[in-house]
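Asker: Sequence:
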Amino acid sequence: MSSFYANPSVAIPKADDSLWREVYEYSISNTKVKIHSSLHATVMLFYSETIEFLNYLKSIGVSTVDMELSAFYSLSNLYGKRAVGILRITDMPFIERHKFSEKFAELAKKKREDSVNLIFEIILKFFKMI
Numbered sequence: 014m015s016s017f018y019a020n021p022s023v024a025i026p027k028a029d030d031s032l033w034r035e036v037y038e039y040s041i042s043n044t045k046v047k048i049h050s051s052l053h054a055t056v057m058l059f060y061s062e063t064i065e066f067l068n069y070l071k072s073i074g075v076s077t078v079d080m081e082l083s084a085f086y087s088l089s090n091l092y093g094k095r096a097v098g099i100l101r102i103t104d105m106p107f108i109e110r111h112k113f114s115e116k117f118a119e120l121a122k123k124k125r126e127d128s129v130n131l132i133f134e135i136i137l138k139f140f141k142m143i
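With my numbering, letter number 16 in the sequence shown gets 29, and the count goes up by one each step, no holes.
Some hints could be false.
Said to hold, decoys possible - Per label pair, the in silico range of CB-to-CB distance:
| # | residue 1 | residue 2 | range |
| --- | --- | --- | --- |
| 1 | E65 | K45 | 14 to 24 Å |
| 2 | R101 | I73 | 15 to 25 Å |
| 3 | S50 | I25 | 15 to 25 Å |
| 4 | V75 | I25 | 10 to 20 Å |
| 5 | K116 | K138 | 26 to 36 Å |
| 6 | H49 | F85 | 14 to 24 Å |
| 7 | E134 | T63 | 26 to 36 Å |
| 8 | F117 | I25 | 31 to 41 Å |
| 9 | K123 | G93 | 32 to 42 Å |
| 10 | E38 | G93 | 18 to 28 Å |
| 11 | I136 | T55 | 13 to 23 Å |
| 12 | I73 | L100 | 14 to 24 Å |
Since the hints were derived computationally from the structure, they do not count as laboratory data.
Nothing here was measured: the structure is a model prediction, and the numbers come from that model.
Cβ atoms here follow ideal geometry from the backbone N, Cα and C, with glycine treated the same way.
Please build the complete structure, drawing on both the sequences and the hints.
Answerer: So this is what it looks like as structure tokens:
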């Protein structure tokens, strides 16, 4: 446990709006990536997303869940740095729970690999590195 504490009114866990818009606009006009922008939630513990909790998040409009992004945003804002997160979906608990099969697992693995490549394409092109 850390003794580090950042005042939540200063270290707001929020993406930089103008940087987000730049990356979003760039992505939809210059890459072949399927882009979604929606409400995101951060949880504190591994595997804390029970089906009941996921249903609650879904009911309030949350589309993605992770453990780290809010800490990244909080620290970025605390130090006055612009930040934005680009996420890829690595699991789909609602779908996997009902439709698991060998074919589905193979397709999901391929989609995950493709998404990593496309995220790097966005980042590298955005920063004009390729």
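Asker: Tell me, which hint numbers fail for this structure?
Answerer: The structure breaks only hint 1.
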